[in-house]
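Asker: Chain by chain, the residues run as shown.
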Amino acid sequence: MDITTKNTEAPPPAPQPTVAEQKRAARGATRPGDRIFLGLSRGSGILLLVIMAAIAGFLAYRASIAISKDDANFLTAFEWNTGLLPPKFGIAVLAFGTVVSSIIAMVIAVPIAVAIALFLTHYAPRRLRGPIAYVIDLLAAVPSIVYGLWGALILVPHMTGLFGWLDEYLGWTGIFSWQAGAPRSMLTVGILLAIMILPIITNVSREVFRQAPQMIEEAALALGATRWEVIRMAVLPFGRSGVISASMLGLGRALGETMAVATVLSPSFTIQTSLLDPGGGTFAQNIASKFSEASELGRDALIASGLVLFVITLLVNGAARMIIARRKEYSGANA
Amino acid sequence: MAKRIDVSGLTAYYGSHKAIEDISMTVEPRSVTAFIGPSGCGKSTFLRTLNRMHEVTAGGRVEGKVLLDDEDLYGQGIDPVSVRREVGMVFQRPNPFPTMSIFDNVAAGLRLNGNYKKSELGDIVEKSLKGANLWNEVKDRLNKPGSGLSGGQQQRLCIARAIAVEPNVLLMDEPCSALDPISTLAIEDLIGELKERFTIVIVTHNMQQAARVSDRTAFFNLSAVGQPGKLIEIDETERIFSNPSVQATEDYISGRFG
Amino acid sequence: MSTAVADKRPSSTLRGASLPKWSPYAIAVGSVAVAAGIGLAAGLDSRIQWGLIAAILFVLGTYVISARVEGRRQAKDRVATSLVWVAFLLALLPLVSLVWTTVSRGVKVLDVYFLTHSMGLISDTEPGGGIYHAIIGSLEQVGLATVIAAPIGVLTAIYLVEYGRGNLARSVTFFVDVMTGIPSIVAGLFILSIMLMFDMQPFGFAGSLALAILMMPVVVRSTEEMLKLVPNELREASLALGVPKWRTILKVVLPTSIGGITTGIMLAVARIAGETAPVLLLVWGNSLINSNPFEGAQQSLPLYIYQQYQNSQGSGAAYDRAWAAALTLIAFVMILNLVARGIARWKAPKTGR
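Residue numbers (the numbering used here), protein chains in the order written: chain A, 1 to 335; chain B, 336 to 593; chain C, 594 to 946.
Possibly wrong hints are sitting among the right ones.
Unchecked claim - No farther apart than 30 Å at their CA atoms in a straight line, the calculated lysine-lysine pairs in the DSBU-like style are these:
| # | chain 1 | residue 1 | chain 2 | residue 2 |
| --- | --- | --- | --- | --- |
| 1 | C | Lys614 | B | Lys353 |
| 2 | C | Lys844 | B | Lys453 |
| 3 | B | Lys400 | C | Lys614 |
| 4 | B | Lys452 | C | Lys669 |
In case anyone wonders, no lab produced these hints; they're calculated from the structure.
Just chain A, with the same shape it has in the complex (with noise of 0.2 Å):
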């Protein structure tokens, strides 16, 4: 009783207290192998944090170097040119295709996970359910190099219909149409990107469906709901912020992802109205491709997109966490 009210009028100051018991853990430490073990862990940890520092401290500095020699606006230029003298290079375009590819990626993943899980958890046959999200497990760890060839040589050919007819019912629109050449655009790289991220989202966002009060399912079920108007009222709304989280980690993969982009599009440093037009490009995809003839300074510049990419990524996967977080606040507040 004392607990549970103490719980809902504040919940317990931030860290929960670990699994160790603590003033032990403290006092525990005097003797030799418990400060040396001590000291090894905590280490490890601080080593963690130092790699980080490092990592923002080292891209910061050779980005700064690079920054500080580019002749056109870092941000907004539309040019990639390392080798003038002076340099002129921007990350404008990466930045567009980075976002454009991830948005179609997201547009397209998200509902089908969103359905995939809920077929997973409500719809399959009970008996295909287990081995199903298993396999679902397993293409979650089929590296990207492998989608990326896949897609190259069997996705590619395959759009080429698809893109005839989207151009011709949709091409008044601007953003389909067509001019023909390879369907090696940003619609094939969102298609490639939605493809890959869709076992993540699949797999959190059934997690969270699974976790849905049972007790809430069957209070709908016995007012007469159908299996569907059940999700609405019992299943949705508690899966809403999982499944947000869940498309936000899959957004983090989209952004970084380098290979599959890499083999598919053929990029061109401009920006494309249309989402079949090949050309334009990403950040991960653009140090892939420009690195092995780039200059010394050619690296510079692309560490410094690079950093662009990492400080995206942060926020993203940040925004994640946070949602996540007060999403455990919440359900601990009503348990």
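Using the hints provided, position chains B and C relative to the given structure of chain A.
Answerer: Same frame as chain A, but now just chains B and C:
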């Protein structure tokens, strides 16, 4: 609106495990029938077969007949969704929809079942909350979440939600087991009022409660753990508690086991 | 027994008119047939279009038919069901295609010769050669990365679970989360920026360092989960016997959770084994065998796939090799996954959740 329930030869399974076997009984309209018996005897399972909620659990399956005024709930072409609309249910632990307000909780069933005008909806919600003896306590905060109420109030909210759709039968699965004595009393009083309008079936662990609220009592038992539960006898509550015809009933009621 | 006629008795409230059980299949077959008809008539040669048309017809058809016979609520329910099924089948398509293509094309040149020979001096557009050098490189780079990342990850997790509290533990937890989200190419750029400072040439161990950075947070997270599953009573029982804390952790806590920790490490290994981007930046690739990870460019399996594809100039021989290497890589990753999950199931703590 209240309807009679006629069960004959009902057997329910969880996968290959037989939970209850060959149960036949009649539940009279506008009365309260209580199910008592030791834990695991299948009384809750049996209750859930009366609105086809049993088949929702993994591996749940039913044989036999349940007639609701001459219509077999398990007959061909019967839609379980409509069955559950006709046979309402209140659960062991109060389970209001936590994301909905008090008003929306009561209106939830109505919104599923048709287009109501806002004023109609308001009237029915008020009537149902009054019917559940909750109106006076919540009329000023209908838009607050239902999860903010006390346990007893939440349970009455669930009853209001169940009676808002005017079912023929109201099933209650140990509705007071998670509540304190005062809330329990409130619910028991409410049951007495509701039987004027509905056929009520209540599962309870508390024999005093069965004696207080019910007109007829059914005693369930199982011969051993793992064996299917069976209906031992059903009779007027007074007779069950004073002079049962089966020895096991008397043993259970006098506290010799269970 | 009673047929459709009896089903339509209006007096009953319990039975609405409902579609027979086989109707979804019938609608599915019908929409596929119509889609094929449209596809043939309009001369659409892409099967993807046929599939999309069939899917749309199926959903629309379900709604219209069900709405007429059963009413709007049932129709919505059926549409939701059919959408969910369509989404599942739609997603299955590329994933099945991926696995099928990799296997069917991969077995073409995958043989003992392929596994035991390097590319040597064979040009990327000619047939022949193998992936021996790539396997060596992959094993060494991933092995070294594991040797670095596994102990650090496990120790960090021990710190967080057994000792951690206060600001340090909180910030480590936070940054482990942040680290999980680092794109692999950024980890590569980090090591690269260090190499630029010291004017170093590419070598295998540089790739290992980047892979280790990617691996650490995964190991920390999974180990943490496993250590939290160890019941507190076990620790207390040991401490109460006067066993020092560090020996309690080594002799009681770790042995109890070793199965789960191993699983976590193996899954992390499987993940980094497929990473290409950092290896591309730091190890460069090499068509010859270089078994010294500390000097000179090396090859790795994922990088080999990329380079075969990139340098193929459309040559079928290069594609065949790329697929065969992809199959090898997938097989390696899948075996690791299966074994790891097997260990997890076998060694699972008996505390039912």
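Asker: CA of Lys452 (chain B) to CA of Lys669 (chain C), is that 30 Å or under?
Answerer: 22 Å, holds
Asker: Below or equal to 30 Å on CA atoms is what counts here, so check Lys400 (chain B) against Lys614 (chain C).
Answerer: Judged against 30 Å, a Cα distance of about 22 Å means the pair holds.
Asker: Hint check: Lys614 (chain C) vs Lys353 (chain B), CA-CA at most 30 Å. Holds or violated?
Answerer: 27 Å, holds
Asker: Run the distance test for Lys844 (chain C) versus Lys453 (chain B): straight-line Cα separation, threshold 30 Å.
Answerer: Given that 30 Å is the threshold and the Cα spacing comes to 67 Å, the pair is violated.
Comparing the model with each earlier hint shows a violation of hint 2 alone; every other hint is respected.
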